[in-house]
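Asks: Each chain, written out:
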Amino acid sequence: MIGFADLIVEDAPGKRVLLMGNEAIARGAIEAGVSVVASYPGTPASEILETLALAAPKLGFHAEWSVNEKVAFEVAAGAAITGVRALTSMKNAGLNWVMDMFMTLVYGGVRGGFVIAVGDDPDAHYSSNEQDTRFAAFYGEIPCLEPANPQEAKEMTRYAFELSERLELPVFVRSVTRICHASGDVELGKIEKPERKPVFDRHWKLPWRWNVYGPPGPVEKHRWLHGQMPQMKKLVETLPWNKLELRGKPSFGIIASGIGASYAREAVKMLGLENKVAFLKLGTPTPLPEQLVGRMLKSVKSVLVVEEGEPLVELQVRGLAKDVNPDIKLLGKLTGSMPPVGEINTDIVAHALAKLVKRKLPADRPRELIKGEIKNLVAPRSSTLCAGCPHLGSYWALKLALRKVGGKVPIVNGDIGCYEQGGYGIAGKEYKPSSSSESVRYPIDAPYETLDTNYIMGGGVGLMQGQFQAGYKDGAIVGVAGDSTFFHACIPAVINAVCNKAKGLFLVMDNEWTAMTGHQPNPVTGITATGEETKLLCVEDVAKACGVEFIRTVDPFDLKATTAAIEEALKSDKFAIVVARHVCTLQAQRQKKFVGKRMIFDRDRCTGCKLCVSFGCPGIVFKEGKAGLDPILCNGCGMCAEVCPTGAIRVEG
Amino acid sequence: MKMAELNLIIAGVGGQGSIRASHIVGIAAIQEGMRTRVGETFGSAMRGGAVASHVRIGKGVFAPLIAKDGAEIVLALEPLEGLRNAVKFLDKGGLLLTNTRAWMPVDVNIGRAEYPSLEAIKGAVEKLGGEVVAIDATSLAQQAGNVRTMNVVMLGALAGSGKLPISVETLKEVVQENVPPKTIAANLRAFELGFSAIKK
Chain A
10 MIGFADLIVE DAPGKRVLLM GNEAIARGAI EAGVSVVASY PGTPASEILE
60 TLALAAPKLG FHAEWSVNEK VAFEVAAGAA ITGVRALTSM KNAGLNWVMD
110 MFMTLVYGGV RGGFVIAVGD DPDAHYSSNE QDTRFAAFYG EIPCLEPANP
160 QEAKEMTRYA FELSERLELP VFVRSVTRIC HASGDVELGK IEKPERKPVF
210 DRHWKLPWRW NVYGPPGPVE KHRWLHGQMP QMKKLVETLP WNKLELRGKP
260 SFGIIASGIG ASYAREAVKM LGLENKVAFL KLGTPTPLPE QLVGRMLKSV
310 KSVLVVEEGE PLVELQVRGL AKDVNPDIKL LGKLTGSMPP VGEINTDIVA
360 HALAKLVKRK LPADRPRELI KGEIKNLVAP RSSTLCAGCP HLGSYWALKL
410 ALRKVGGKVP IVNGDIGCYE QGGYGIAGKE YKPSSSSESV RYPIDAPYET
460 LDTNYIMGGG VGLMQGQFQA GYKDGAIVGV AGDSTFFHAC IPAVINAVCN
510 KAKGLFLVMD NEWTAMTGHQ PNPVTGITAT GEETKLLCVE DVAKACGVEF
560 IRTVDPFDLK ATTAAIEEAL KSDKFAIVVA RHVCTLQAQR QKKFVGKRMI
610 FDRDRCTGCK LCVSFGCPGI VFKEGKAGLD PILCNGCGMC AEVCPTGAIR
660 VEG
Chain B
110 MKMAELNLII AGVGGQGSIR ASHIVGIAAI QEGMRTRVGE TFGSAMRGGA
160 VASHVRIGKG VFAPLIAKDG AEIVLALEPL EGLRNAVKFL DKGGLLLTNT
210 RAWMPVDVNI GRAEYPSLEA IKGAVEKLGG EVVAIDATSL AQQAGNVRTM
260 NVVMLGALAG SGKLPISVET LKEVVQENVP PKTIAANLRA FELGFSAIKK
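Protein chains in written order, with this note's numbering: chain A, 10 to 662; chain B, 110 to 309.
Mixed in with the good hints, there may be bad ones.
[Claimed, not checked] Where chain B lies over chain A, by a calculated footprint (3+ residues, C-beta under 8 Å):
| id | segment |
| --- | --- |
| 1 | 241-251 |
| 2 | 274-281 |
| 3 | 336-344 |
| 4 | 361-367 |
| 5 | 434-440 |
| 6 | 637-644 |
Simulated from the structure, these hints should not be mistaken for laboratory data.
Beta carbons: idealized from backbone N, C-alpha and C, even for Gly.
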């Protein structure tokens with residue numbers, strides 16, 4: 010058996026291996042002979058570039074972690090304009106960053122195959138929203154391929170490059186968490202090595218092809234884009250991933266796209282309806298294979314539309330039905346037959362299908378009742394920072410400083426990264442809506458109740474300025490962000506704060522890695538995606554260059570010094586930046602650079618005050634009125650010894 | 110015991126190695142020529158969240174997730190996570206094979222929830238018509254020389270249960286190939302300790 014880095018570049022057509030959906034997408038790009046790949050980490054899509062970065066040095070193509078998705082998109086697009094094959098990958102929210110370039114690039118398209126691979130996250134397992142990015146493909150008038158399993162993810166990605174070159178347009182590959190992070194047996198294909206030389210021709214097939222303002226200008230280029238649609242529509246009719254199964258004369262049909270088709274197949278099996286329902290499996294939710302859909306609509310009396318996300322297919326099917334079979338009964342998200350939010354699964358599809366065919370699913374009522382009782386036993390498990398995480402120290406210091414000099418109701422604006430858990434709350438706690446007309450301060454039992462606002466990458470440092478400019482005076486105004494987020498999205502907002510005279514504390518928690526998504530390097534790490542040494546940037550230098558006058562650097566493991574620096578910043582009456590820098594504990598452990606201290610817990614001295622528990626480290630437990638250290642989880646960072654007021658928790662020596 | 114389809118959930122807390130364990134089972138199934146799907150459910154955090162991998166082996170498998178009451182086995186690296194998944198997914202007559210060592214949720218630590226006793230967990234699963242086998246896999250892993258081999262202790266126990274349609278030899282080989290080279294010996298010891306713990 011060979012290691013994964015060798016396996017992923019092995020030219021072994023026919024070999025069956027276990028690949029995660031993201032790895033399969035990467036393999037598809039490798040088989041297509043991709044030349045340039047660029048991405049910014051974001052769950053559930055990060056493993057696409059991680060896999061490609063393993064392969065890049067072996068196959069001689071370029072793979073990079075870009076500073077953000079927009080730059081990644083432009084790097085890949087720039088390569089595709091020179092005729093080589095390129096891919097950019099991102100999570101759902103990442104797509105929002107690229108929309109400007111995306112919506113304009115399509116007015117002229119590309120020369121080499123350009124694939125945009127997006128990992129959506131229905132059920133928001135790792136995301137701030139459930140957005141369905143297939144609409145972006147619809148909006149940008151480019152084809153969207155949607156795999157039903159890891160094998161299709163590989164095949165579709167490979168084919169997407171070919172399709173892109175045929176249409177001279179970018180092609181979208183949309184997967185979801187259950188594809189991205191689901192593994193399956195995948196049969197490998199041949200690895201192509203197109204030895205293409207990058208070329209540049211300003212007027213390639215169209216005048217001013219790569220300059221949207223160049224004559225004939227944007228409107229004519231928009232017309233050109235529309236002109237690609239008939240060919241696109243024709244092509245999707247015969248793709249192997251769009252398949253109509255119509256045997257006999259069934260009165261019911263299912264139209265299922267992407268992962269929806271996998272759930273629908275199981276639901277059909279569960280209800281014993283094999284060969285009794287017509288099944289249209291879709292791999293292109295946009296453009297739809299209209300003829301195939303039309304044939305389905307003409308053949309049955311009612312249809313259930315199964316898709317993950319918003320009703321993109323359903324809306325289009327509704328439009329087609331008006332012309333083809335206006336009497337057909339269409340069920341889906343728009344009719345309440347499928348849930349409008351969250352992700353779907355086999356059970357949900359089976360229930361909708363059972364209703365459609367008027368069958369009952371077997372149910373064990375007494376057992377369901379017992380389950381109802383047992384569910385009370387299942388304690389919730391809130392997400393936490395890791396034992397010994399430097400962010401625990403930063404949040405503790407912030408809490409103490411705000412208590413002292415933060416005023417009546419301070420506002421803490423969060424951001425995206427591990428530290429966003431500072432706003433996840435406690436699952437076991439009930440939070441009630443308030444209708445107060447005044448500012449309200451809430452108790453903080455754990456660091457997970459720190460963040461008052463949190464939306465998107467770089468959002469907090471902008472929001473805090475609005476709160477300041479609105480004249481908020483009831484308390485301090487704070488923003489927090491991590492190192493990677495600082496470079497991704499905060500720099501323009503920092504400049505904005507300085508130039509528009511906003512004030513407040515911006516706490517940058519620098520742990521040297523893009524940790525939450527799996528420890529990818531960023532500008533403060535000093536290495537590239539493929540592990541080469543590179544320039545190392547420093548948050549303080551950038552802040553200084555942006556005109557920030559108050560900058561302090563602290564080690565969050567030193568709770569006292571961190572608290573003091575934050576206090577000073579809060580009192581400074583400036584736009585103040587405190588950089589709390591300590592390498593991620595997990596990464597330090599992996600690199601064998603973490604030196605744990607020997608911790609002592611003296612049960613007799615513990616008064617059960619729970620101050621250490623409110624520090625929020627998972628290594629601290631509380632049982633029978635006393636605290637304790639979990640010997641397996643605790644790694645001896647020593648921070649809790651600084652928190653303990655009675656000396657019950659101490660560092661040896 | 111051979112069956113047409115196996116639906117197995119490997120549950121635990123982020124950082125315990127449930128995903129690695131599920132991939133080991135998945136790779137072993139492919140090596141024995143079976144169709145496999147492994148679906149993962151985990152939170153956004155690197156550590157500390159509830160994690161469950163759905164391992165599905167067999168011809169008629171399409172979806173990456175097991176349907177409600179569709180699992181023959183829940184392999185739990187942490188007891189509360191075993192219960193969480195057993196309530197939702199374990200079929201009548203199914204097996205909950207669990208580690209006995211608890212990883213306390215922060216909700217319990219701050220006094221907002223109660224951790225169920227092992228007896229309560231056993232009672233609950235038995236009420237649902239399931240069987241519970243519990244072993245102290247964490248101690249066995251320490252005995253094997255590396256506490257992080259706990260997931261492999263549990264894989265050994267799973268193999269020892271005889272309910273896996275994969276040969277013990279294949280599984281052991283795949284363990285060997287999918288753990289860091291320096292930990293192979295400890296992992297193989299862990300596998301054996303788990304295997305014999307359940308045979309007792």
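Asks: Evaluate each hint against the coordinates.
Replies: For each hint, the structure was consulted:
1. 241-251: violated (count 0)
2. 274-281: holds (count 4)
3. 336-344: violated (count 0)
4. 361-367: violated (count 0)
5. 434-440: holds (count 4)
6. 637-644: Answer holds; 3 residues pass the 8 Å Cβ test.
Violated hints, in rising order: 1, 3, 4; the structure is consistent with all others.
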